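Number of protein chains: 4
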Amino acid sequence: MGKELLRSFDALIKQAGYRNRSEAIRDLIRERLVQQEWTLTDRVTVGTITLVYSHDIHELTEVLTTLQHKYHKQIISTMHIHLDRHNCLEVLVVKGRGKEVKKIADRLLSTKGVKHGKLTTTTTGRRLS
Amino acid sequence: MGKELLRSFDALIKQAGYRNRSEAIRDLIRERLVQQEWTLTDRVTVGTITLVYSHDIHELTEVLTTLQHKYHKQIISTMHIHLDRHNCLEVLVVKGRGKEVKKIADRLLSTKGVKHGKLTTTTTGRRLS
Amino acid sequence: MGKELLRSFDALIKQAGYRNRSEAIRDLIRERLVQQEWTLTDRVTVGTITLVYSHDIHELTEVLTTLQHKYHKQIISTMHIHLDRHNCLEVLVVKGRGKEVKKIADRLLSTKGVKHGKLTTTTTGRRLS
Amino acid sequence: MGKELLRSFDALIKQAGYRNRSEAIRDLIRERLVQQEWTLTDRVTVGTITLVYSHDIHELTEVLTTLQHKYHKQIISTMHIHLDRHNCLEVLVVKGRGKEVKKIADRLLSTKGVKHGKLTTTTTGRRLS
Numbered sequence: 180m181g182k183e184l185l186r187s188f189d190a191l192i193k194q195a196g197y198r199n200r201s202e203a204i205r206d207l208i209r210e211r212l213v214q215q216e217w218t219l220t221d222r223v224t225v226g227t228i229t230l231v232y233s234h235d236i237h238e239l240t241e242v243l244t245t246l247q248h249k250y251h252k253q254i255i256s257t258m259h260i261h262l263d264r265h266n267c268l269e270v271l272v273v274k275g276r277g278k279e280v281k282k283i284a285d286r287l288l289s290t291k292g293v294k295h296g297k298l299t300t301t302t303t304g305r306r307l308s
Numbered sequence: 180m181g182k183e184l185l186r187s188f189d190a191l192i193k194q195a196g197y198r199n200r201s202e203a204i205r206d207l208i209r210e211r212l213v214q215q216e217w218t219l220t221d222r223v224t225v226g227t228i229t230l231v232y233s234h235d236i237h238e239l240t241e242v243l244t245t246l247q248h249k250y251h252k253q254i255i256s257t258m259h260i261h262l263d264r265h266n267c268l269e270v271l272v273v274k275g276r277g278k279e280v281k282k283i284a285d286r287l288l289s290t291k292g293v294k295h296g297k298l299t300t301t302t303t304g305r306r307l308s
Numbered sequence: 180m181g182k183e184l185l186r187s188f189d190a191l192i193k194q195a196g197y198r199n200r201s202e203a204i205r206d207l208i209r210e211r212l213v214q215q216e217w218t219l220t221d222r223v224t225v226g227t228i229t230l231v232y233s234h235d236i237h238e239l240t241e242v243l244t245t246l247q248h249k250y251h252k253q254i255i256s257t258m259h260i261h262l263d264r265h266n267c268l269e270v271l272v273v274k275g276r277g278k279e280v281k282k283i284a285d286r287l288l289s290t291k292g293v294k295h296g297k298l299t300t301t302t303t304g305r306r307l308s
Numbered sequence: 180m181g182k183e184l185l186r187s188f189d190a191l192i193k194q195a196g197y198r199n200r201s202e203a204i205r206d207l208i209r210e211r212l213v214q215q216e217w218t219l220t221d222r223v224t225v226g227t228i229t230l231v232y233s234h235d236i237h238e239l240t241e242v243l244t245t246l247q248h249k250y251h252k253q254i255i256s257t258m259h260i261h262l263d264r265h266n267c268l269e270v271l272v273v274k275g276r277g278k279e280v281k282k283i284a285d286r287l288l289s290t291k292g293v294k295h296g297k298l299t300t301t302t303t304g305r306r307l308s
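Residue numbers (my numbering), protein chains in the order written: chain A, 180 to 308; chain B, 180 to 308; chain C, 180 to 308; chain D, 180 to 308.
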């Protein structure tokens, strides 16, 4: 691991209040595993998918819309913000089995022309009362 | 005016609790005038534009998105519901001078392929406290 | 009907391109009847409900949220715009039998403290292809 | 680090196609640093905040709404999904200096009664063309 990376990580660790690197790394791994577990489940879950793209790219808007309609039973609603004349931000709320939600996110995020995208895994709230 | 139309109108009048036709017509005219006035004003207002269309129509999605980005300063946010595999419902919240909001609505609603659309005129809430 | 009202109506008629008052009134009546018919139907329809209110009014936000959750099966999604420090704009997309959608709108619009509200009747797009 | 945790992590590493643990940990650290950097910046950024909560909790809805209105200049739009009779999902799109967006997220996520919440850091798309 590079010196520069370690230095930055140590600064972050200090700021976040961890006592040592192991503790911080353990937390990162745990978080990653929870996320992984979520995306393999057959249980009904909720996720939000965030996409940033330029609608100037030929046919990108159409490709993304067609893809979303394919999963219209899982995608509850999409909010679209016109960031500027070119850039779009879309946030989709998706409800379905973890596997399905993950698959929908993967297909959208891997679409050519999407500048940035993330799946945020959350919950139906039922098991957390 | 046709007999059938009058009969239906009389039934509606009765149900709505109007005493006579003149009163009901006066209300329809007033409502229409308020709406008209709204769309001619230079004052900052808020409107919601509802659109239903099929994303299957070639390039319609792209045309509507490009049009919306042209007015990205007025269009605060757009909510898109995937009604089924083909039909889209979009609701736009638009803030700007009455005239501008009206113009944006006219351009979107008159786009070829839009099945149904409406501008709902509302308020910033400031003058109604 | 007052002179002032008639004068304004005549100006509007001219601008809109109607040939005479009867024609314009007929159109207003027709539009009103279509809307009425919509709200009596058992057929599945789609509507958007626009609400403007101040969240400063004690418990209004809670009342509206509780009401909306009561109809969570019909209300697909709600978009909330923070117009300023006090005023809220909410747009709800509602899918259900016409009667139900009308009832939900009536209950929300008649809630004390709501400054302005409107039900916009639209379509699932299925019968308009 | 516990055996169980390491075993799960090794499975994930294999599935994700990493060659060894170091490589995977390096990626986790990098991702975390990018996120950290984002939230310290004075540059204008965009984030989405996802919240799950129950509107049954006394005054929670009001507290969250008041908080959001305080930052109405940064919060562009909020989408509210009525997950069921009790649970709410809210997704906020926030545009502002990284620090501000982080602060808004922290205040919302730490509100008592919020079951789950996450800040997703994204971009205005301008530097990624």
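Hints are computed from structural coordinates only; laboratory data are not their basis. Note that this is a predicted model, so its numbers are computed, not measured. Keep in mind that the hints are not guaranteed to be accurate.
Stated by the list, open to error - Far from chain B, by Cβ distances over 10 Å, these chain A residues were calculated:
| # | residue |
| --- | --- |
| 1 | G196 |
| 2 | L288 |
| 3 | T299 |
Said to hold, decoys possible - Some, not all, of what chain A presents toward chain C, calculated at C-beta under 8 Å:
| # | residue |
| --- | --- |
| 4 | I255 |
| 5 | S256 |
| 6 | M258 |
As the list claims (entries may be wrong) - 25 Å max Cα-Cα, derived DSS-like pairs, lysine-lysine:
| # | chain 1 | residue 1 | chain 2 | residue 2 |
| --- | --- | --- | --- | --- |
| 7 | B | K282 | C | K193 |
| 8 | C | K297 | C | K282 |
| 9 | A | K278 | D | K249 |
| 10 | B | K252 | D | K249 |
| 11 | A | K249 | C | K297 |
| 12 | C | K182 | B | K297 |
| 13 | B | K282 | A | K294 |
| 14 | A | K274 | D | K294 |
| 15 | A | K193 | D | K249 |
C-beta atoms are modelled at their ideal positions from N, C-alpha and C, and glycine is treated no differently.
Worksheet item: Against the structure shown, which of the earlier numbered hints fail to hold, in ascending order?
Response: 9, 11, 12, 13 and 15
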